Amino acid sequence: MIEDVSLYEILTVTSILFFIGVYGFITRKNLISILISVELLLNASVVNFVAINKYLYPDVLQGVVFSIFIIAVAAAETALAVAIIINLYRQISSVEVKDVETMKY
Amino acid sequence: MERIIFYILAFVIIAFAVASVNSRRMLRSVVYLAFVLISIAGFFFLIDYNLLAAIQLTVYAGGIIVLIIFSVLLVHHIEMRLEMASIAKRITTAVLCLVGMGVFIYTIHSFEFEMVENTKSTTTQDIGDRLLSYGDGGFILPFEVISILLLAAMIGAIVIAKGTKLMDKNS
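Chains as they are written, first to last, in this note's numbering: chain A, 1 to 105; chain B, 1001 to 1171.
The following block holds chain A by itself, in its conformation from the complex:
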C-alpha cells in the first residue's frame, strides 16, 4: 500500500475519473471521442479493482487478475471499434453519431 495515502483518497480520484468519462460519453457527438470516454471509464474501474485488492485483501490476487482481464477485453473492444469506425467511414464518409442511423448493409 502507498504510505500515508488512504483508500478513500484513491476511490475519490477514481470516482471523479469515472464521472468525467460519463460526461464525455454523453456530450460527445463523435464515435472516436465516445471510444476515448469508454477508455476513461474502463481505466477508472481497473484502478478501483487494484486499489481495493491491495488495501483490503493483499493475500488474494483476484483484483489484479480481473484488471488484466479488463485490459485484455478493452484492447479487443478498441480493435473492433476502430475496425467498425473505419468501415463506417468508407460507406457513409462520416463518423458522427447522428449520421449513423442504420446497421444494415
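None of these hints come from the bench; they were simulated from the model. Quick caveat, the model's predicted, so the values are computed rather than measured. Hints may be right or wrong, so weigh each one.
[Stated by the list, open to error] As a list, the in silico DSS-like pairs of lysine-lysine whose alpha-carbon atoms are at most 25 angstroms apart: (1) A:Lys98 / B:Lys1089; (2) A:Lys29 / A:Lys98; (3) B:Lys1089 / A:Lys29.
Use these hints to put chain B onto chain A, whose structure you have.
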C-alpha cells in the same frame, strides 16, 4: 514523499481527463488521453504492482493509443474542429455527473473499510501461478476464454475492416 507523488498523479489524471473530454481537436484529445493512461501506469508503480504498470504502458499507452491515433488520422482532417453538444445539454450533463459523483463520494466516505497492514509486495510469479493454476482460486478457465475472445476479436476486426470486397468474392 509518496503522498506528494500521489497527489501530483491524481491532479495530472483529473486535469488531463477533463481536457480530453473537452478538447475540440481530435488529435489533442487522444494525446491527453495518453497522458491520463501513463499517469495511471505511474499510479500502479506507486502501489507496487509492477507487472500491471508494464501491461498498462504497453497495451494501453502503446497499443490502444496508437490504434486510436491511426483511426483519427485516417478519418479526420487534422485542423477540423469537432462539433460540440449545445451549452444547455452540456450544463445539464455536468450537473447530473456532479450529483452522481457526490453520491459516490459520500457513499465511499461513509463506509468503514477494514484496511489490512501489509508490506509484502506481489511478484510477477505469484500472478502467473494464479493465472495458470487449476486448483482453488485458479484462473485457468477465464484465461483460456480470454485467449479465445482475443482471437475471435482479431478475426472479426480483420473481416470488418476489410469491408465489402471480401464478401463479394464469397457470394
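We went through each hint and held it up to the structure:
Between Lys98 (chain A) and Lys1089 (chain B) the CA atoms are separated by roughly 16 angstroms; this keeps the pair inside 25 angstroms, and the hint holds. For the given pair, Lys29 (chain A) sits about 8 angstroms from Lys98 (chain A) by alpha-carbon distance, which is consistent with the 25 angstroms threshold. Between Lys1089 (chain B) and Lys29 (chain A), the direct Cα distance comes to roughly 12 angstroms. Compliance with the 25 angstroms bound is thereby established for this hinted pair.
When the structure is compared with the earlier hints, no violation turns up for any of them.
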